[in-house]
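Asker: Next come the chains, spelled out residue by residue.
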Amino acid sequence: MIDRPDYLGFGLGLRPQHYPEILETDEELPIDWFEIISENYMVPGGKPRQMLDRIRERYPLVMHGVSMSIASTSELNWKYLERLKALADDVQPKWISDHLCWTGVHGVNLHDLLPVPYTEEALTHISDRISQVQDFLGRRIAIENVSSYIEFEESEMSEWEFVAELAKRADCWLLMDVNNVFVSGQNHQFNDAHFIQSIPKERVVQFHLAGHSEGNDCLIDTHDQPVCDEVFELYGKAIEHFGPISTMIERDDNIPPLAELLEELGRARAIAADVLDPKMVAQ
Amino acid sequence: MSAPNLAALQAALQRDIVGRTGEALARLKVPESASPEKRLFVYQNAYVQRLVGIMMEDYDTTWTFLGDQMFFDLAQEFVTKYPSNTPNARWFSHRFPDFLGEGELGRDTPSVAEVARIERALGDAFDAADDPVFSREQLGVVAQQGLETAKLILHPSVTLLRLETNAYDIFKALRAEDMPPEIKAESEPRWALVWRRDLVCRHMELDPEQGALLDLAGQGHGFTALCEFAATLGDPETAAVRMAGYLGQWIDNEILTDMR
Chain A
1 MIDRPDYLGF
11 GLGLRPQHYP
21 EILETDEELP
31 IDWFEIISEN
41 YMVPGGKPRQ
51 MLDRIRERYP
61 LVMHGVSMSI
71 ASTSELNWKY
81 LERLKALADD
91 VQPKWISDHL
101 CWTGVHGVNL
111 HDLLPVPYTE
121 EALTHISDRI
131 SQVQDFLGRR
141 IAIENVSSYI
151 EFEESEMSEW
161 EFVAELAKRA
171 DCWLLMDVNN
181 VFVSGQNHQF
191 NDAHFIQSIP
201 KERVVQFHLA
211 GHSEGNDCLI
221 DTHDQPVCDE
231 VFELYGKAIE
241 HFGPISTMIE
251 RDDNIPPLAE
261 LLEELGRARA
271 IAADVLDPKM
281 VAQ
Chain Z
1 MSAPNLAALQ
11 AALQRDIVGR
21 TGEALARLKV
31 PESASPEKRL
41 FVYQNAYVQR
51 LVGIMMEDYD
61 TTWTFLGDQM
71 FFDLAQEFVT
81 KYPSNTPNAR
91 WFSHRFPDFL
101 GEGELGRDTP
111 SVAEVARIER
121 ALGDAFDAAD
131 DPVFSREQLG
141 VVAQQGLETA
151 KLILHPSVTL
161 LRLETNAYDI
171 FKALRAEDMP
181 PEIKAESEPR
191 WALVWRRDLV
201 CRHMELDPEQ
211 GALLDLAGQG
221 HGFTALCEFA
231 ATLGDPETAA
241 VRMAGYLGQW
251 IDNEILTDMR
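Sequences listed follow chains A and Z, in order.
With the working numbering, letter number 43 in the first sequence gets 43, and the count goes up by one each step, no holes.
With the working numbering, letter number 95 in the second sequence gets 95, and the count goes up by one each step, no holes.
Hints in this document: simulated from the structure, not taken from any laboratory.
Errors might be hidden in some of the hints.
[Unchecked claim] In silico EDC-like pairs for lysine to aspartate or glutamate, Cα to Cα no more than 16 angstroms straight-line:
(1) A:Lys47 - Z:Asp198
(2) Z:Lys29 - A:Glu154
(3) Z:Lys38 - Z:Glu23
(4) Z:Lys151 - Z:Glu228
(5) Z:Lys38 - Z:Asp16
(6) Z:Lys38 - A:Glu214
(7) A:Lys168 - A:Asp128
(8) Z:Lys29 - A:Glu153
(9) Z:Lys38 - A:Asp217
(10) Z:Lys172 - Z:Glu182
(11) Z:Lys184 - Z:Asp169
(12) A:Lys168 - A:Glu202
(13) Z:Lys29 - A:Glu156
(14) A:Lys47 - Z:Asp131
(15) A:Lys47 - Z:Asp130
(16) A:Lys94 - A:Asp6
(17) A:Lys94 - A:Asp32
(18) Z:Lys81 - Z:Asp98
(19) Z:Lys29 - A:Asp217
Here the structure is a predicted model, which means the values were calculated and not measured.
Bound conformation, chain Z alone (with noise of 0.2 angstroms):
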């Protein structure tokens, strides 16, 4: 250690600040006039406050959605659990919806962790990579080619989300500032497709064939896997059309980088 001393107190200063320990107040020094506890308090006050701030931006429908002393309370549960180790503070609550899925919430009420999972998935489409967009000229190429074997390359800001709950209707209402549909467990799972065009964040469900198929899609299953799966799903003589069908839509929605 190159600066033990410093290091002593660097540790003591950030376990008081995280959690208030009073074990750094006796190395403060500040004006007589001022406290030592009240001048420390706005570092330990700082640190809670700016990372909860965050995490009501990054999940602001999430937070509508529990309300605000349900939010706060676990946010700064989640802080204190995961503190942050990233850089950027736009990192550091990307495990937010797994915690919440977690414990009693996450048996009792999933749908909240799946809302914030959208909202997740709409952070990461934000920023995500600039990579190329796949054009139906390309497609036209690949055709020649031989599609049987070509694989989906989907876009670095696609998340496919497999739903439980009716989480997608809670969101998209809160979203409109309307009053959500009561909170109810699906028979069936629903897709939610989150993505970025003309660099605005975008979502929409998709029909239960049309989402196994993308989720299929981007686990790596060639063209001709996907067709045959279709066929188990539906009539198995249009398998091919309906597919094809799926796949003009995704690249005229932008989801699609690459085939190959």
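If we strip away everything but chain A, and leave its shape as in the complex, we get (with noise of 0.2 angstroms):
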């Protein structure tokens, strides 16, 4: 049995643009924490931090990072993962989470967030990184599934069979992106719900929502749009298999007043209504 963080509720990704509305309200928002970007406040100081400490007297906090490249043939990069360890020293997130990706190879970082072929010797290389990881940072990492356009000719087995082994060996957290699971399960032409009914329940502990493109050929993962209704649909069954996971909205760009996503949240908070005790998604 493993020892799985509790269970925060609904939150929503810090982004700048809503510093004023979540520090300067008197009523209290319906967020019941919020997932930071890690990169963005490994910075020195000013205004990014000092926002930063402001918001987790109020909320708890997770850390989501985009540059571990956990998957890169690369050697490790110590010097980020040691700035890293110093955020969440000074943060103390309930988790710490990346993505199943690689950002680049040779020095260079494309920053995007690149698949690998499912085959076991990317399962072996990442889940030592993985490993090596977590024994550096002393605690249990979650791994997020992202979306791709692409598959490898030589991939031996599913994404999700990949996911749920990598988990398994790496001994790992997983971090469920929904809106990942539907753009990559209509991009490459298999059942989004198959693929989440596949991942092992005690693993996972965060879902994202987030929405999405159409783009010339597929489903493009841009976090511009709302959330989708095939995406709360497939959210829906999500929660049916997984049962009360902390849930969260993801919008990067395009970004909306803070009212709307609450609203979005909100719809998320309905839907797990409809499966949970109610008592686990009171606000």
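Can you join these two chains into the complex? Each is in its own frame, and there are hints to help.
Answerer: In structure tokens, the structure reads:
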């Protein structure tokens, strides 16, 4: 049995555009927690760190990174990991997450979340690196499935088999991005509900909900739109399968007023309330 | 190499994303109804658009100054020449002003690189370290111990820019959405100070004497040396008084973190 972190309820990705609304209101906002983009706060000082200090006095935080490049075949970036650990020491997040992807090799960072082939070789390589990171940070991390537009001929198993086995071998947690499951399901023509049902329940600590856009030839994970009906529907299935999992809306571009995101979060809360003990979703 | 096949795949795909070499295409798997070229293009296009988009935000006044096409061409050339090697995209374009100062553009229109340097300084001030600010009360203590050898320590958010053109006038006009003045080279250098106070990034022009003195202070010269230099710039009789005045302004503007 794995000792999972506490259920946090319903949260949002913290974005600078919302600092004033979060900090200057007298009302109690229907937000249980925030997720921060780790790299945005790995800076010496100034407004980002001061705002963060004020917000973490009032809300639980989790840290979510985009540059660990856990699947890269280049050496782990220990300098980056030292800075990540220092931030975690300051912020005391409930957990730390990053993506099942690589962002570059040979010293280059493409600032994209690039997919991996689902092979035994990749499994061994990535699980070993997750173990190294967890040993260094002194805690389990959560790994998120990414949206992808390509797969590889050399893959030997499905993405969900790969993710499930990776979590087991690395003894890590999983962050399930429901939108990413949907986008990749559409792009690669797999059954998204089957993906979700194939993931071990005891490993998942967080859900992401986000929006996507229609590209020329596939769906693109842009995070610049509201969460669509199909993703909310899939979220309902995920809640049915996994039970109460800390859930948040992730919006990175075309960022609306906080009230709009709270409406979306309310919809997630309502979907969860239909499935779970009402006390688990009350605000 | 612990994962040679994975390493080869990643190297090939990276070259294809950055340089559109086509070498990864044969290894891609997409549904029958889809095109591997179009799917790969999502990553190729995102790479350029994402990084150029960040530069448009970080150098938006330079972008306005150059116009859309020229900025986009230069930004794309920069991305090709200097691929990002930093975990935080915030830092990847830090050398863009230096890039703009190179070659024909730098020779013919140095004001472009200078406007970009002002913007870079504002970005640096935004999240510079939160060192304490030096107060007049602390100055009193230092004065009692003897000012002569005390060195001024600038706040980490401070950048002092020595400008050879009227770039600061151009920068201010563009920020105010006014018509910028004609580009011109200055006969004497001009000084622009960029720093952060109360979490707000600020900028102002310093007169030539104050700029030169703050520049020396930043290089670690002590108070007495600054007074001696002030004596060479203006009336020697009033040099110490002028220097004391500047010191007061610097303290009030919170650009010093210590004197020791």
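Asker: It remains to establish, for every hint, whether it holds in the given structure.
Answerer: Here's how the hints hold up against the structure:
1. A:Lys47 - Z:Asp198: With Cα atoms ~9 angstroms apart, lysine 47 (chain A) and aspartate 198 (chain Z) stay inside 16 angstroms; holds.
2. Z:Lys29 - A:Glu154: 9 angstroms, holds
3. Z:Lys38 - Z:Glu23: 14 angstroms, holds
4. Z:Lys151 - Z:Glu228: Distance of about 14 angstroms is within 16 angstroms: holds.
5. Z:Lys38 - Z:Asp16: 13 angstroms, holds
6. Z:Lys38 - A:Glu214: 13 angstroms, holds
7. A:Lys168 - A:Asp128: 12 angstroms, holds
8. Z:Lys29 - A:Glu153: Cα-Cα ~5 angstroms, so holds.
9. Z:Lys38 - A:Asp217: 7 angstroms, holds
10. Z:Lys172 - Z:Glu182: Given that 16 angstroms is the threshold and the Cα spacing comes to 13 angstroms, the pair holds.
11. Z:Lys184 - Z:Asp169: Holds - the C-alpha atoms of aspartate 169 (chain Z) and lysine 184 (chain Z) are around 10 angstroms apart, at most 16 angstroms.
12. A:Lys168 - A:Glu202: 10 angstroms, holds
13. Z:Lys29 - A:Glu156: 12 angstroms, holds
14. A:Lys47 - Z:Asp131: Distance of about 13 angstroms is within 16 angstroms: holds.
15. A:Lys47 - Z:Asp130: 9 angstroms, holds
16. A:Lys94 - A:Asp6: Measuring from Cα to Cα gives roughly 8 angstroms; hence the hint holds.
17. A:Lys94 - A:Asp32: Holds, at about 13 angstroms.
18. Z:Lys81 - Z:Asp98: 13 angstroms, holds
19. Z:Lys29 - A:Asp217: 14 angstroms, holds
Of the numbered hints listed earlier, not one is contradicted by the structure.
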